[in-house]
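Number of protein chains: 2
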Amino acid sequence: MILAFVGTAGSGKTTLTGAFGKYLEGNGYSVAYVNLDTGVKNLPYSPDVDVRESVTAWELMEEGYGPNGAIVESYDRLLPAIGEYVSKILKLDGERDYVLIDTPGQMETFLFHEFGIRLMENLPEPLTVYLFSPDILRKPSDFCFARFFALMIDLRLGTTTVPALSKVDTVERIDDYRKFLDDIEYLTARLKLDPSTQGLLAYKMCSTLPELAPPTRVVYLSAKTGEGFDELETLAYEHYCTCGDLT
Amino acid sequence: MILAFVGTAGSGKTTLTGAFGKYLEGNGYSVAYVNLDTGVKNLPYSPDVDVRESVTAWELMEEGYGPNGAIVESYDRLLPAIGEYVSKILKLDGERDYVLIDTPGQMETFLFHEFGIRLMENLPEPLTVYLFSPDILRKPSDFCFARFFALMIDLRLGTTTVPALSKVDTVERIDDYRKFLDDIEYLTARLKLDPSTQGLLAYKMCSTLPELAPPTRVVYLSAKTGEGFDELETLAYEHYCTCGDLT
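Going down the list, the protein sequences come from chains A and B.
The first sequence begins at 20 in my numbering and counts up by one.
The second sequence begins at 20 in my numbering and counts up by one.
Next up, chain A with everything else stripped away, as it sits in the complex (with noise of 0.2 Å):
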């Protein structure tokens, strides 16, 4: 099975591969790595593939590009190896129980650039998890970006994606921000109130959500405590195993 988690940075990807690689070793599963991030120091995995025996972000900075600019250039030279890094990954994906994919830092590299488009097409059914950290919602009308943008994820990988709230031990009020992101209905009626323009096209947006998305439920995870690894772990079997019935 392979799970790639995508996000911004600061999201929680990396912290959570590591966690969650270990919860599921310590089920008794063998797990493979992979480190799709050329900017990243330090990881809390022992990488099985690793984009940074390619390139890295800082030696494209030493040579005079800048942060942003670096980081686009790896993918760019990333891009024709491509293939290998598909057969890498498939090779893994059939000695291991699961393949965990942590993909760059900027999200944006992944959903935007070549690179990410097409080694996700060449994976066999891959789940994506989409994660956003609880800073991220602010108002109402953020639960329904957050709703909509695994969407957006789905639509431009072509790959069943789990919205996932990360970091929920940094929450104090978490069935507040259950009941706006597990219960569209609920949330729609919410967003009604607000009589914004802004709020207007979230009411809009909102009440296509359940026509538009796969009845896909919200995981809320941590990689502190572990809560919703268990969650996790039964989502990816069910998306392998019953055909894709994630509700």
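It should be emphasised that the hints constitute simulated quantities derived from the structure, not laboratory data.
Check each hint, because a few of them may be wrong.
Intra- or inter-copy, both count: the list cannot distinguish identical chains.
List of simulated lysine to any residue pairs, SDA-like, C-alpha gap at most 20 Å [stated by the list, open to error]:
1) 211 to 230
2) 158 to 136
3) 211 to 227
4) 158 to 179
5) 243 to 37
Since the structure of chain A is already known, use the hints to place chain B on it.
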């Protein structure tokens, strides 16, 4: 009038800010330039406001941050000064005909970080120009993705967002691109032919676009040839002077 150019690293924000500003100045307007990118080295314009005076990604990397971490941390450090940046931009807006805002290199830093959200919330009706380059458009579902992304920016920032294809001088068959981007019905009909799961999602999402999106037209820009600059000027005028009707 305030225009913010938003897009991924490499979509052409900085070059376009410079070139469009020059065009406006050539037409007799007074123009102010705002640079919000902490990681840019050289600018093709002389900034009136520049976040690099407060912090740069470079100095944070010298402190030991990786490129991704340095970018995020730089906006964390800018956050306490957000009020000053808003004031400076408002002052410029009072003095000049146009204020052009060149947003962070990585789009997600602007869309997911409180700095970007709060800045935009506090400006009077800025017009956001969502720049995407032709290389992200490989298959019909990608056109749906690009059109939807403009809507996501609108939802997130609460600003009217114009989708703009950049680097059109690099495209040989621009009419093919226009057909897919301008004519949602045509795109929807085309997507219906794709029986894959991704195709079905794209078809469903695209079908909802007419009711979700304001009927904003797409602009086609080239910083190299100046193509579309008159169109963008007209759109900005319509946004500010004719109650947001951008059809």
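Status of each hint after checking the structure:
no., hint, result
1, 211 to 230, "both (18 Å within a copy, 16 Å between copies)"
2, 158 to 136, "between (31 Å within a copy, 12 Å between copies)"
3, 211 to 227, "both (13 Å within a copy, 18 Å between copies)"
4, 158 to 179, "between (27 Å within a copy, 19 Å between copies)"
5, 243 to 37, "within (11 Å within a copy, 46 Å between copies)"
Taken one by one, the earlier hints all hold for this structure without exception.
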